[in-house]
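Undergrad: Sequence:
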Amino acid sequence: MNFENSLEFAQQLDAQDKLRHYREAFLFPKVNGEQVIYFTGNSLGLQPKRTKKYIDDVMTDWAELAVEGHFHSEKPWWDYHERLAAPLAKIVGAKVAEVSVMNTLTVNLHFLMVSFYRPTAKRFKIICEEKAFPSDQYLLQSQVKFHGYDPKEAIVELKKRPGEHYWRTEDVIATINEVGDELALVLIGGVNYYTGQVFDMPTITKAGKAVGAYVGWDLAHAAGNVKLKLHDWNVDFAAWCSYKYMNSGPGNASGVFVNERYLGKSDIPRFEGWWGTKKETRFLMKPEFEPMPNADAWQVSNVPVLAVAPYLASLEMFEEVGMDALIEKRKKIVAYLAFILAEIDSEVASTFEIITPEDRGCQLSVFLHGQGKSLFDYLMKNGVITDWREPNVIRLAPAPFYCSYEDMYRFGQILKAGIMQNEN
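First residue of the sequence shown: 0, per numbering that gives the first Met the number 0; consecutive thereafter.
Note that these hints are calculated values from the structure, not bench results. The reader is advised that the hints may include incorrect statements.
Stated by the list, open to error - Using 30 Å as the maximum straight-line C-alpha spacing, the simulated DSSO-like pairs for lysine-lysine come out as follows:
{"hint": "1", "residue 1": "151", "residue 2": "130"}
{"hint": "2", "residue 1": "331", "residue 2": "226"}
{"hint": "3", "residue 1": "226", "residue 2": "94"}
{"hint": "4", "residue 1": "151", "residue 2": "121"}
{"hint": "5", "residue 1": "159", "residue 2": "130"}
Please build the complete structure, drawing on both the sequences and the hints.
TA: The following block contains the structure:
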């Protein structure tokens, strides 16, 4: 399609958008009395309007039923989380039994590493990307130290080539093969939080498995954003947060994937608690742990229903729309945003460098050569909610559920005005 940098063209794209009505299903902050242009769905998604009812329903059941709400509410609390498994399985490309919801992201990665990081004297190394999200860095460092290893020896970081902003798949594969039979685990962010690059997950998974390692993925920026086929890709495990592209609320519950070949086993290393034991006998308070036959076996405590309710509300919308439709719009709106950036760049003789490769999801990371944080501040004061990352990068994530093409055009005009103000 030949894009145009005009309000009329943007509005024409919106009129053709099959998802345009979902914009009205979300609550937008306001700046200067005007609804913002929201580019930070990669950090915290907007609140769906239907979320409040889901929370209110739980509060009403708590008020009217108290402890009996576990079994006699419309959505009984004791199995509330089970309602999330089927829609989540579609989003991440899994079998329903392979998916569960519990805890938060880094907590879940720690729990999963109990099962999937089993270092030996020979095979103890972990491969991750350089400058992974800090929580992942801390996670990996603490895990290897817990097992008695030096992080400098046990953690192998995938490097980008000098002068490049992205990782090349062939370099990832070469590193996996080089570490070889010393490799215990590959654990990478499926979509890099800084650049927005989508890693070639099936190819990397296959390479890791070929040398005898476990392969897991941190899908914080991937779930609800890009096409995933965790089961078909033969991934061992994965975890993701729910508050970015899946709009479940700040710091909310995490999802996990455990490949079906590890399910129903009582001898797998795992930290265990009573909510992971068989549902049929859970309240018999038996001394022996009998694992649930699905990923729920990794649950330790009963589910925080007030936290999971907003997640269920959002997943209802994913069920209505489907990932294919979201991805179709995401590709088009991100392409239009890239076009707008190029147009403004040419008009103001500035230099924007998009450091996100073509293998991308919602996010464009833009290096603002010649511009400082004052431009970011200008955008924020004028109703463009975006994200600043040192040294000089803004991250723009036009989530397809609620961002419009007119937003992209209006952003370009505000960006242009901000640059011109900085130059005067």
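Undergrad: Hint check: residue 159 vs residue 130, CA-CA at most 30 Å. Holds or violated?
TA: It holds: about 10 Å lies between the C-alpha atoms, which stays within 30 Å.
Undergrad: Please verify whether residue 226 and residue 94 have alpha carbons no more than 30 Å apart.
TA: holds, 15 Å
Undergrad: Below or equal to 30 Å on CA atoms is what counts here, so check residue 151 against residue 121.
TA: holds, 16 Å
Undergrad: Is residue 331 within 30 Å of residue 226, Cα to Cα?
TA: Holds, because 15 Å separates the two Cα atoms, which is no more than 30 Å.
Undergrad: Assess, step by step, whether the Cα of residue 151 is no farther than 30 Å from the Cα of residue 130, and give holds or violated.
TA: holds, 14 Å
Comparing the model with each numbered hint stated earlier shows that all of them hold.
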